[in-house]
Amino acid sequence: MNPPPFPRLDVRRFYDGFDAPVTDFDCGQKCAPHNPGGKPFCCDICHAVPVAFRQEWDYLQPRTDLWHAWRGDECTAEPLDPASLCAQTPEHLMLLACQGPAHCQREYRASSCREFPFFPYITANDRFIGLAYEWEFEEKCWVISNLWAVTARYRAEFIRTYDELFARWPDEYESYYAASEEMR
Numbered sequence: 779m780n781p782p783p784f785p786r787l788d789v790r791r792f793y794d795g796f797d798a799p800v801t802d803f804d805c806g807q808k809c810a811p812h813n814p815g816g817k818p819f820c821c822d823i824c825h826a827v828p829v830a831f832r833q834e835w836d837y838l839q840p841r842t843d844l845w846h847a848w849r850g851d852e853c854t855a856e857p858l859d860p861a862s863l864c865a866q867t868p869e870h871l872m873l874l875a876c877q878g879p880a881h882c883q884r885e886y887r888a889s890s891c892r893e894f895p896f897f898p899y900i901t902a903n904d905r906f907i908g909l910a911y912e913w914e915f916e917e918k919c920w921v922i923s924n925l926w927a928v929t930a931r932y933r934a935e936f937i938r939t940y941d942e943l944f945a946r947w948p949d950e951y952e953s954y955y956a957a958s959e960e961m962r
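Final position of the sequence shown in our numbering is 962; the numbers increase by one with none missing.
Calculated from the structure, these hints are not laboratory results. Please note that a few of the clues may not be correct.
[Stated by the list, open to error] Pairwise CB distance ranges, derived in the manner of DEER restraints:
hint, residue 1, residue 2, range
1, Cys864, Glu960, 29 to 35 Å
2, Ser923, Arg962, 35 to 41 Å
3, His812, Glu960, 23 to 29 Å
4, Asp904, Asp843, 37 to 43 Å
5, Arg905, Pro868, 20 to 26 Å
Everything numeric in this text was worked out from a predicted model, so none of it was measured. Using N, Cα and C, we set each Cβ at its ideal position, and we do this for glycine too.
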């Protein structure tokens, strides 16, 4: 049997160390009124399909019914191309869908929910320096236009979490390096 491509992740520890909300208030209430679906854009899989490490999925499945594997047919207004999205998803990750924000169980939010709308930014000279945001959500995500509201605790937990993750999973660092390079 081949060893797993990534060392085991203590998901509960990972979640506990990256649990701070992005803002001191529910920022989803700022953008939800602007989404025809009435949900915060970050919680609407027609705009942002959550992704989780397969190890997260193994952790989440027996503990919550919040999540199911993304099927690609959950959106009626703007259907996404499931084949294309699945082809872009690395093997150690999987696409998820949830029951929606009304049923959110915050302790079981996937890593992509905890990270959104940010991702770890790695410079051209190969240094992880902090958070960058996903440009595609610039028009939709209230937080991106109001970065002053992002708490120091959230930023600190984000940086500490990804410092630890990159030390354990160099391939994940390389993935974010590529995303940062594409952004540049």
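A quick look at each hint next to the structure:
Taking the beta carbon of each, Cys864 and Glu960 are about 20 Å apart, not inside 29 to 35 Å as hinted. Between Ser923 and Arg962 the beta carbons are some 22 Å apart, a value that contradicts the proposed interval 35 to 41 Å. His812 and Glu960 have their C-beta atoms about 27 Å apart, which keeps the hinted 23 to 29 Å range intact. Between Asp904 and Asp843 the Cβ separation comes to about 41 Å, which falls inside the hinted range of 37 to 43 Å.
Distance hint check for Arg905 and Pro868: the Cβ-Cβ separation is about 23 Å, which falls inside the suggested range of 20 to 26 Å.
The structure fails hints 1, 2 (numbered hints given earlier, in ascending order).
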